[in-house]
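All chains should be built: construct the whole structure from the sequences, respecting the hints.
The primary structure of each chain is shown beneath.
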Amino acid sequence: MTTNETILSKLKENFGEKITNPDLQYGILSVSTDHEHIIKVLQFLRDDQELQFGFLTDLCGLHYPHRDHKFEVVYHLHSFRNNIRLRVKLPLHGDAPHAPTATGLWSSANWMERETYDFFGIIFEGHPNLKRILNVDEMTIFPLRKEYPLEDNTRKDKNDELFGRDPKLIRADL
Amino acid sequence: METSVETPPRKVNVAEAPEGHTGEGFFATKLDKVIGLARKNSIWPLPFATSCCGIEFMATMASHYDFARFGSERVSFSPRQADLLMVMGTIAKKMGPILKQVYEQMAEPRWVVAVGACASSGGIFDTYSVLQGIDQIIPVDVYVPGCPPRPEQIIDGLMKIQDLVHNESLRRRNSPEYKALLESYGIKTMDN
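Heads up: the protein sequence lines correspond to chains A and B, in order.
With this note's numbering as the guide, the letters of the first sequence map in order to residues 28 to 201.
With this note's numbering as the guide, the letters of the second sequence map in order to residues 5 to 196.
Honestly, I wouldn't trust all of these hints.
[Stated by the list, open to error] When the alpha-carbon atoms are kept at most 27 Å apart in a straight line, the in silico DSS-like pairs for lysine-lysine are as follows:
id, chain 1, residue 1, chain 2, residue 2
1, B, LYS44, B, LYS15
2, B, LYS98, A, LYS183
3, A, LYS185, B, LYS183
4, B, LYS164, B, LYS44
5, B, LYS37, B, LYS97
6, B, LYS104, A, LYS183
7, A, LYS183, B, LYS44
8, B, LYS15, B, LYS37
9, A, LYS173, A, LYS158
10, B, LYS104, A, LYS158
11, A, LYS183, A, LYS173
12, B, LYS97, A, LYS183
13, A, LYS158, B, LYS97
14, A, LYS97, A, LYS67
15, A, LYS45, A, LYS67
16, A, LYS67, A, LYS39
17, A, LYS185, A, LYS158
18, A, LYS97, A, LYS173
19, A, LYS173, B, LYS97
20, B, LYS98, A, LYS173
21, A, LYS185, B, LYS97
22, B, LYS183, B, LYS164
23, B, LYS98, A, LYS158
24, A, LYS185, B, LYS104
[Stated by the list, open to error] One-sided and incomplete, this derived list gives chain A residues near chain B with beta-carbon spacing under 8 Å:
id, residue
25, LEU51
26, THR181
27, ARG182
To be clear, the hints were calculated from the coordinates, so they are not data collected in a lab.
Think of the CB as a built atom: it goes at the ideal place given N, C-alpha and C, for glycine as much as any other residue.
The structure is reproduced here in structure tokens:
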């Protein structure tokens with residue numbers, strides 16, 4: 028039977044030091060790797076005869092403004108054969124982070140990567156059609172990055188004091 | 005034994021005639037008043053329903069509230085034959101140009117009612133992806149508050165529109181003020 032331990036030991040066996048930060052949350056194993064190895068790791072997980080992580084459940088972005096690696100891409104994998112899930116994380120450097128595309132492995136990554144680009148500005152190298160998917164094409168920001176306010180910036184009728192907040196303090200922590 | 009039930013004579017509601025001069029075989033009034041009366045009682049609405057306010061409108065159209073009583077039996081799903089654009093629900097910024105195109109496809113005279121908090125002001129969705137009121141892209145005649153408004157409120161909104169339609173001057177749509185209003189929204193007027 029395939030367990031989180033066997034997944035981790037198989038990954039360590041094949042990629043050694045390149046598999047970092049193994050973590051168990053809500054019973055789901057999570058590992059990190061780097062830009063160079065992410066596609067190889069995903070391909071291994073998909074094609075391995077025992078693991079068979081054939082389904083890319085989700086691919087999304089994260090923004091940690093205080094960390095060295097400000098951005099992360101998270102791949103949620105599901106092995107139907109073994110009924111087990113796995114998270115693979117890819118931490119990224121810089122304000123215009125680049126990640127390799129996973130569209131070569133799963134066609135479903137196409138729209139998910141467009142969404143991640145749309146909201147976080149993560150550029151997927153080799154993506155066949157990397158443009159906004161949910162937001163208006165004219166949008167100039169990447170709205171889920173923490174430096175952008177969640178609220179609509181076209182409104183002029185809102186007095187922050189009436190909402191009990193100091194406009195100077197709202198963004199001070201970023 | 006036979007019983008007979010007497011049914012009272014059926015009352016038919018008829019719109020009141022406008023002010024005018026009447027005599028034997030003639031009735032004289034202003035053209036504005038006649039047109040206003042006819043238009044008021046035959047408004048064809050175009051429901052642009054995107055969320056829960058649209059569900060309330062469905063209740064408004066159904067037999068209990070019976071929207072058809074107001075001459076709006078015929079709900080037009082083509083903007084070309086519609087008089088009243090009823091915007092019901094959250095309009096995302098991506099939906100904005102589509103709504104504006106629907107408005108532009110309507111023939112004059114046309115009216116707009118923003119039903120519910122979202123269409124009127126963005127409502128609870130004060131966020132980067134939602135239009136903060138449809139009056140940012142098209143002119144609005146009547147706003148109906150509520151989240152969502154009850155059918156009574158939607159009917160009240162329609163009756164306010166009826167008042168506007170009834171009392172509107174036939175020259176209004178040709179006035180420089182009206183043209184300036186449309187131009188401020190970047191909407192083409194009839195002349196150009």
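*Is it true that the CA of A:LYS183 sits at most 27 Å from the CA of A:LYS173?*
holds (21 Å)
*Does the alpha-carbon distance linking B:LYS37 and B:LYS97 stay inside the 27 Å limit?*
Distance of about 40 Å is beyond 27 Å: violated.
*asked:* A:LYS185 and A:LYS158 were given as a pair; does the straight-line alpha-carbon distance stay at or below 27 Å?
replied: Distance of about 32 Å is beyond 27 Å: violated.
*If you draw a straight line from the CA of B:LYS44 to the CA of B:LYS15, is it 27 Å or shorter?*
holds (21 Å)
_Agreement of B:LYS164 and B:LYS44 with the hint, judged by alpha carbon distance not exceeding 27 Å_ = Roughly 10 Å between the alpha carbons, so the hint for B:LYS164 and B:LYS44 holds.
*Quick one, are B:LYS98 and A:LYS183 close enough, alpha carbons at most 27 Å?*
It holds: about 21 Å lies between the C-alpha atoms, which stays within 27 Å.
*Measure nothing beyond the straight line between the CA atoms of B:LYS15 and B:LYS37; if it is 27 Å or shorter, mark the hint as holding.*
This hinted pair holds, its Cα atoms lying about 25 Å apart.
*Is A:LYS45 within 27 Å of A:LYS67, Cα to Cα?*
Roughly 11 Å between the alpha carbons, so the hint for A:LYS45 and A:LYS67 holds.
*Mind checking the alpha carbons of A:LYS67 and A:LYS39 for me, to see if they're no more than 27 Å apart?*
OK: A:LYS67 and A:LYS39 at ~13 Å, within 27 Å.
*Keeping to a limit of 27 Å between CA atoms, is the pair of A:LYS185 and B:LYS104 held or broken?*
With a Cα-Cα distance of about 26 Å, the restraint between A:LYS185 and B:LYS104 holds, given a limit of 27 Å.
_Against the 27 Å threshold, does the CA-CA distance of A:LYS97 and A:LYS173 hold or violate the hint?_
Within the cut-off at roughly 11 Å; holds.
_For a C-alpha distance cap of 27 Å, please report whether A:LYS158 and B:LYS97 respect it._
The hint holds at about 17 Å.
When held up to the earlier numbered hints, the structure conflicts with 3, 5, 7, 17 and 25 and fits the remainder.
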